[in-house]
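Asks: Listed below are the residues making up each chain.
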Amino acid sequence: MMASSYNAKEEDGHHSGASGPGGAAAKSKKPDNTAFKQQRLPAWQPILTAGTVLPAFFVIGLIFIPIGIGLYVTSNNIKEFEIDYTGIDMSSPCFNCSQNFSWNSTKPCKCSLPFSLDQPFESNVFVYYGLSNFYQNHRRYVKSRDDSQLNGDLFSLTHPSKECEPYRTGSDNKPIAPCGAIANSMFNDTLELYYIDPNETRTLIPLVKKGIAWWTDKHVKFRNPGGNNSNLTASFQGNSKPVNWNKPAYELDADPENNGFINEDFIVWMRTAALPTFRKLYRIIQRKNNMTPTLPRGNYTLEVTYNYPVRSFEGRKRMILSTISWMGGKNPFLGIAYITVGSVCFFLGVVLLIIHHKYGNRSNNSDIPN
Amino acid sequence: MCKFLRYFFYKNFAFTLVHFWYSFFSGFSSQVAYEDWFITLYIVCYSSLPVLLVGLLDQDVGDKLSLKFPKLYLPGQQGSLFNYKNFFISLCHGIFTSLIIFFIPYGAFLQTMGQDGKAPSDYQSFAVVTASSLIITVNLQISLDTSYWTFVNCFAVLGSIAIYFGIMFDIHSAGIHVLFPSAFTFTGVASNALRQPYLWLTIILTVGISLLPVICIQFLYKTLQPSVGDKVQRNRRKYEAEEEEKKKPTPFQRGRRSRRSAYAFSHSQGYADLIASGRSFRQRPQGRRNPQESIREAPQAENI
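Chains A and B, in that order, are what the protein sequence lines are.
Those letters in the first sequence? Residues 38 to 407, per my numbering, in order.
Those letters in the second sequence? Residues 27 to 330, per my numbering, in order.
Some clues are possibly wrong.
[Stated by the list, open to error] Which residues of chain A face chain B? A few of them, derived with a C-beta cut under 7 Å, are:
#, residue
1, A72
2, A80
3, D184
4, L312
Simulated from the structure, these hints should not be mistaken for laboratory data.
Virtual Cβ for every residue (Gly too), placed ideally from N, Cα, C.
With the sequences and hints as input, model every part of the structure.
Replies: Below, the structure is given as structure tokens:
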């Protein structure tokens, strides 16, 4: 008797394999016997033992503390000077300007504030204007712009986006360029710095207005309508200026590379700030040479052409002078945070080591009943 | 499965509550704290694959050891791995992470400038920094929660982070802005912001503060109050070695009674089933005694 297709199906209740012609079984629902489907993939099964966690805590503590110290020391070495020129107090030189502001005044209001620097400022010095209580991150404000128009699209120039309402069409029913609340509220104070040397002569400090905006902003995001070498006055013929501006967009600067939408002050303003207290780059004071400091110690005067009203929403205006390092401006927060976290980490490492030493071996001995 | 659920709630709380904290500083105007595209892609693309794989493939204890220690099934019966308390802990963890992810960049951005003097404290850089910290934190968190690291898990975690950075640089590139100026407005932000070492230090600090307490607490629990699963995991190699020893058959089987047939064909199934089923044994008739008794009976009958 040769082994033929004996089918033990009835007895044992399991399907036979593919042996023999009569053994065609029903389609098996069993998952394939691959490593993935049977969850047998080769794996690494790490667990949090003392041998890994404790050294990790110590190492992280030892790394964070020097970083924090480095950041803190660098931040302390950055020189910064801030002066508020809103004119709240009656004793402030700008008090009259802030009180008597009106949109229709033809004669600009000027005020000058004296200040002195205790330490010389070396290398490039950056001049910022700072605003407080100004919510550039308000949702309705952030949406109120037309990026196609700012990119030089001709259709958007004459048909600005609906998001720009109510700053979309001017009083003469012409579309506004640039439209929107962000453009309308552009900062238009003028700040000038004079150095007063011991002989009482005033020298104007040269302020560079190019190179203050991001390269991608100036060359990619913001483009003038009609291309680079066009007559901007003609391009903006069918548009009116924003409601609260003194001059239209094509008169922002005599230099054609800084006029229209690619004006760098305008671009810097259009890059909305994250928080209600912010500062934006206004001008750069180039360093002279390695011998003389850029801003020597002494007396200075800040001359303000006060155009921008902030009293109505209790905002504040400031001028900030600052040097720069590899970590940017003066901000001790990150340095202190790193030092704190590093020390806490190290301390926790010590505490965990003590706990592990006292209690860890105890629970290792307890076995699990089967 | 419970890990999957807990983590899912945690990552969504961490993601969403940042907007809540930001609203205190944006005039309660519901301004989003991230880029719009990031919000769309976060759930779908940046954080879903690793946790899916954990739900499918994770094993805290292997299958053989699970059979050996039935006590491991107790947490399932008692419902102790996902209940109101665990959900609440997930929620608190999400709140804590969102606080860190918002307030550390907030402190760093409060009065900072970039390396070249141009202020990076604008809204778009802030969005990029918080989004990057969030992605790195939640992906490292899932890698802390994974106890069974296969190649697929590793690929998913690193791949999610890589996809995030890849897509972000694409969306922030100049090319796509030229094509769709109104849809993609974050031009140049990724390259400008992530070029600053200061912002990278901010991201590293945020990730560190979010994860170190978790490691500390997990370690404390495993040291002071290990669960049955933890104990098995700790001595996994020892138990697996014991299992291996038990399974190895003894070399000699002398005198061992078994119904196993020695009749074997190697090219087809053979008759093992038939023989082992007992059908081939002769059936004993009913009432028949054992052979000894029957032998005794016969001579007695003859003597009568």
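Asks: Please go over all the hints and tell whether each is borne out by the structure.
Replies: Evaluation of the provided hints:
Taking 7 Å as the C-beta cut-off, the interface hint given for A:A72 is violated, the closest approach to chain B being about 9 Å. Taking 7 Å as the C-beta cut-off, the interface hint given for A:A80 holds, the closest approach to chain B being about 5 Å. Using the Cβ-Cβ criterion of 7 Å, the hint placing A:D184 at the interface with chain B is satisfied: the shortest such distance is roughly 5 Å. About 6 Å separates the beta-carbon of A:L312 from the nearest beta-carbon of chain B, less than 7 Å, and the hint is met.
Hint compliance for this structure: hint 1 alone is broken.
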